[in-house]
Amino acid sequence: MSSLLTDRALLWIGALLYLAGFLTGLIGLTRRQPSTGLRTLLNALLVGGWIFQWMGLYQRGLAGRGCPLGNVFEIVQFVAWSAMLLYFFVGTAFRVSLLGLFTAGYAASLALVSLLIPQWDLVRGQKFFGDNPWIEVHAALAVFSYGVFGLLALTSIMQLLQNWSLKNKRLNGLFWFLPSVVQLEQINYRLVLLGVVLLTISLGVGASWWVRNTDTVHLPKLMVTVGVWLAYLTVLVLRWRGRLVSVRFAWVCVGLFILALLSLGPVNSNRNSYRPVTLTPR
Amino acid sequence: METPPSILFQLGASHHTAPLAVREKLAISQDRADDLAARLRLITGVREFALVNTCNRVELYGVVQHPAIFASLREALCAVTGCTPAELDSAVSLRQNHDAIAHLFAVASGLDSQIVGETEILGQVKEAYDGALEKRWTGPVLNRVFQKTFQAAKHIRTNTAIGAGQVSIATVAVDLAGRIFGELAGTRILVVGAGEIGLKTVQAFQSRGATSITVASRTLARAEEAASLAGGWALSLAELPEAVANADIIASSTSSPDFVLTREMLAAAIKRRPARPLFLMDLALPRDVDPAAAQLANVFLYNLDDLAEIAEQNIAHREAEVARCHAILAERTAALWPQVSHSLNQGKP
Numbered sequence: 001m002s003s004l005l006t007d008r009a010l011l012w013i014g015a016l017l018y019l020a021g022f023l024t025g026l027i028g029l030t031r032r033q034p035s036t037g038l039r040t041l042l043n044a045l046l047v048g049g050w051i052f053q054w055m056g057l058y059q060r061g062l063a064g065r066g067c068p069l070g071n072v073f074e075i076v077q078f079v080a081w082s083a084m085l086l087y088f089f090v091g092t093a094f095r096v097s098l099l100g101l102f103t104a105g106y107a108a109s110l111a112l113v114s115l116l117i118p119q120w121d122l123v124r125g126q127k128f129f130g131d132n133p134w135i136e137v138h139a140a141l142a143v144f145s146y147g148v149f150g151l152l153a154l155t156s157i158m159q160l161l162q163n164w165s166l167k168n169k170r171l172n173g174l175f176w177f178l179p180s181v182v183q184l185e186q187i188n189y190r191l192v193l194l195g196v197v198l199l200t201i202s203l204g205v206g207a208s209w210w211v212r213n214t215d216t217v218h219l220p221k222l223m224v225t226v227g228v229w230l231a232y233l234t235v236l237v238l239r240w241r242g243r244l245v246s247v248r249f250a251w252v253c254v255g256l257f258i259l260a261l262l263s264l265g266p267v268n269s270n271r272n273s274y275r276p277v278t279l280t281p282r
Numbered sequence: 283m284e285t286p287p288s289i290l291f292q293l294g295a296s297h298h299t300a301p302l303a304v305r306e307k308l309a310i311s312q313d314r315a316d317d318l319a320a321r322l323r324l325i326t327g328v329r330e331f332a333l334v335n336t337c338n339r340v341e342l343y344g345v346v347q348h349p350a351i352f353a354s355l356r357e358a359l360c361a362v363t364g365c366t367p368a369e370l371d372s373a374v375s376l377r378q379n380h381d382a383i384a385h386l387f388a389v390a391s392g393l394d395s396q397i398v399g400e401t402e403i404l405g406q407v408k409e410a411y412d413g414a415l416e417k418r419w420t421g422p423v424l425n426r427v428f429q430k431t432f433q434a435a436k437h438i439r440t441n442t443a444i445g446a447g448q449v450s451i452a453t454v455a456v457d458l459a460g461r462i463f464g465e466l467a468g469t470r471i472l473v474v475g476a477g478e479i480g481l482k483t484v485q486a487f488q489s490r491g492a493t494s495i496t497v498a499s500r501t502l503a504r505a506e507e508a509a510s511l512a513g514g515w516a517l518s519l520a521e522l523p524e525a526v527a528n529a530d531i532i533a534s535s536t537s538s539p540d541f542v543l544t545r546e547m548l549a550a551a552i553k554r555r556p557a558r559p560l561f562l563m564d565l566a567l568p569r570d571v572d573p574a575a576a577q578l579a580n581v582f583l584y585n586l587d588d589l590a591e592i593a594e595q596n597i598a599h600r601e602a603e604v605a606r607c608h609a610i611l612a613e614r615t616a617a618l619w620p621q622v623s624h625s626l627n628q629g630k631p
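These protein sequence lines are chains A and B, in that order.
Mapped onto our numbering, the consecutive letters of the first sequence carry residue numbers 1 to 282.
Mapped onto our numbering, the consecutive letters of the second sequence carry residue numbers 283 to 631.
Quick caveat, the hints were computed from the structure, so don't treat them as lab data.
Take these hints with a grain of salt, some might be off.
DSS-like, lysine-lysine: derived pairs with alpha carbons at most 30 Å apart [what the hints assert, rightly or not]:
| hint | chain 1 | residue 1 | chain 2 | residue 2 |
| --- | --- | --- | --- | --- |
| 1 | B | 408 | B | 430 |
| 2 | B | 307 | B | 408 |
| 3 | B | 436 | B | 417 |
| 4 | B | 482 | A | 169 |
| 5 | B | 553 | A | 169 |
| 6 | B | 482 | B | 408 |
| 7 | B | 417 | B | 430 |
| 8 | B | 307 | B | 417 |
| 9 | B | 553 | A | 167 |
| 10 | B | 307 | A | 167 |
| 11 | B | 408 | B | 436 |
Covered stretches of chain B (chain A as the covering partner; in silico rule of three or more C-beta atoms under 8 Å from a C-beta of chain A) [what the hints assert, rightly or not]:
| hint | segment |
| --- | --- |
| 12 | 461-468 |
| 13 | 550-560 |
Counterexamples of contact, computed for chain B against chain A with all Cβ distances above 12 Å [what the hints assert, rightly or not]:
| hint | residue |
| --- | --- |
| 14 | 326 |
| 15 | 327 |
| 16 | 443 |
| 17 | 576 |
All C-beta atoms in this analysis are idealised placements derived from N, C-alpha and C, irrespective of residue type, glycine included.
Using the sequences provided together with the hints, build the complete structure.
Shown next as structure tokens:
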């Protein structure tokens with residue numbers, strides 16, 4: 001790999017490709033009937049961005065000898081990467097128009113913000129998983145579930161917009177491309193189910209390690225993580241029972257994801273006990 | 283002396299040039315079309331022709347060797363349709379060469395249609411061309427022009443918003459239902475009242491795959507009659523609360539002076555199926571559905587004015603696209619004309 005293509009350079013290229021995809025989608029929106037060419041270009045930019053982001057994270061993983069989840073910067077990048085990966089499956093399976101645009105905007109924002117805040121990447125714990133692959137699995141699954149919840153927040157916003165447009169009879173512009181209410185409802189239900197399953201497995205793996213050595217996890221991290229899991233589990237049960245549906249369900253999913261993102265701070269604080277090292281020179 | 287090149291022409295009438303009474307007279311049935319073709323073949327100098335004949339237009343496209351032949355064409359049209367020369371002259375327009383191509387492009391793309399952007403016209407032009415080709419009325423010039431016309435029309439449909447949005451009450455309703463439910467095949471439709479507008483709307487839903495239709499009316503006999511027309515089940519209004527709870531889409535068009543579907547009835551229905559949306563179309567005057575029902579979660583209420591306003595907005599959006607479409611077609615016409623002109627020159631006797 002060329003020395004110019006450092007991990008951060010690769011991540012920058014990935015973020016800029018996401019941004020280009022988002023702008024391409026916006027151009028498509030200005031036309032009421034976007035061409036197939038524009039849609040193909042949007043998807044190509046997103047795939048390209050995802051590959052560059054993957055390469056960047058891979059380099060950091062090699063350097064840190066572990067899953068690249070060593071600081072807030074890496075966690076945010078990983079959440080964006082997970083959301084895009086999920087979009088490739090969800091977007092293809094459901095042929096959801098506009099989701100590509102929303103995911104591009106979301107991934108570009110996360111990736112660019114994390115790149116523009118150097119403090120998030122000044123220090124990074126090395127080998128903080130302690131050579132234990134199960135802890136890596138636990139961390140990767142937990143962050144991946146955040147990617148799922150991020151995508152759920154996006155589809156929930158789409159549902160709120162669709163509901164607003166149909167209630168207020170504003171059916172043109174952006175609203176023209178939104179998927180149907182029923183389709184969004186189904187996607188949201190499946191995404192919350194998937195997120196809860198992933199987070200449950202992650203916590204299960206983490207718990208089996210924690211019971212052997214309770215000193216390794218700080219109480220704030222434990223409480224926040226279990227709190228997020230319980231909150232999403234409650235949402236899932238209420239949705240399953242038909243108690244939390246439609247707009248209220250969507251609002252809760254958006255609000256909960258904002259809280260989940262804010263919880264990354266306490267979760268990451270657990271790593272402060274590890275000896276910090278500086279990674280790629282900037 | 284050098285012979286002038288042949289002429290590509292369009293001669294005909296449409297809703298833009300002739301009132302309905304004259305268009306009715308000009309309408310050419312299949313028998314009349316064959317009669318017209320036989321007469322055109324007898325005219326020396328008519329090399330190719332095709333007839334586009336729809337409910338809104340009768341247009342003859344063709345290639346002739348010199349302008350004097352147009353008088354003979356008019357005579358043939360008068361003889362076949364029974365119009366007087368004065369009637370015909372007041373109704374038809376004549377376009378030649380480049381202008382004829384531009385007009386055919388616009389017609390096939392739906393730009394010249396009464397409902398701008400409608401798609402049916404392209405099929406009608408294709409059908410007219412296929413018939414002419416089969417009967418060997420066309421030749422190299424018209425074959426090329428028509429093939430390029432179909433490509434141009436397809437390009438316009440794919441790359442512009444000329445066909446976007448529905449423009450009738452029934453199709454707007456179907457479009458809205460699509461935004462709520464996606465696929466309509468599995469939706470359950472309840473028609474309240476056996477009015478014509480309700481049944482017409484149901485037909486539009488059936489054309490998009492809806493199969494589960496129930497008709498509720500004040501008298502069971504009237505409901506059964508309407509249900510048999512729609513191919514569905516019949517109910518009396520007494521069974522309405524239960525039927526509402528089971529329905530996804532409700533089209534109401536009774537002549538009742540009071541609300542037939544009250545907020546309380548709809549709130550109770552939605553409570554029984556909270557995750558499933560309910561689309562209400564109030565097609566009655568005075569209204570059948572309590573407007574307060576629109577505030578219920580997962581309930582989407584549209585009355586006649588709402589649907590009409592959406593249709594008007596869509597028409598306005600289509601009309602805003604017309605200039606862009608004409609610009610695209612002008613480029614394509616300019617690109618095609620040198621080739622056609624060459625063919626017209628080559629075909630000199």
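Right, here's what the structure says about each hint:
The suggested pairing of residue 408 of chain B with residue 430 of chain B holds, with an alpha-carbon distance near 12 Å, which does not exceed 30 Å. About 24 Å separates the Cα atoms of residue 307 of chain B and residue 408 of chain B, which keeps this hinted pair within 30 Å; it holds. A hinted pair counts as satisfied when its Cα atoms are at most 30 Å apart, and residue 436 of chain B with residue 417 of chain B qualifies at roughly 25 Å. Under the criterion of a C-alpha separation no larger than 30 Å, the hint pairing residue 482 of chain B with residue 169 of chain A is consistent with the structure, at around 22 Å.
At roughly 24 Å between alpha-carbon atoms, residue 553 of chain B and residue 169 of chain A fall within 30 Å of each other, so this suggested pair holds. Distance hint between residue 482 of chain B and residue 408 of chain B is fulfilled; the C-alpha atoms sit about 29 Å from each other, no more than 30 Å. Taking the CA atoms of residue 417 of chain B and residue 430 of chain B, the gap is about 20 Å. The hint holds against a cut of 30 Å. As the CA atoms of residue 307 of chain B and residue 417 of chain B are separated by approximately 25 Å, the hinted pair is consistent with the 30 Å bound.
A hinted pair counts as satisfied when its Cα atoms are at most 30 Å apart, and residue 553 of chain B with residue 167 of chain A qualifies at roughly 19 Å. For the proposed pair residue 307 of chain B and residue 167 of chain A, the alpha carbon gap of about 48 Å is over 30 Å, so the pair is violated. About 12 Å separates the Cα atoms of residue 408 of chain B and residue 436 of chain B, which keeps this hinted pair within 30 Å; it holds. Coverage of the segment 461-468 of chain B by chain A holds. Counting CB-CB distances below 8 Å, 4 residues qualify, and the rule asks for three or more.
Given a C-beta distance limit of less than 8 Å, the hint that chain A covers the segment 550-560 of chain B holds, as 4 residues qualify and 3 suffice. Annotated as non-interface, residue 326 of chain B keeps its C-beta farther than 12 Å from every C-beta of chain A; the closest such distance is 48 Å. Distance check on residue 327 of chain B: its Cβ is at least 44 Å (rounded) from any Cβ of chain A, clearing the 12 Å threshold; non-interface status holds. Non-interface call for residue 443 of chain B relative to chain A: violated, since the shortest CB-CB distance, roughly 4 Å, does not exceed 12 Å.
Its beta-carbon lying about 7 Å from the closest one in chain A, residue 576 of chain B breaks the requirement of being farther than 12 Å from that chain.
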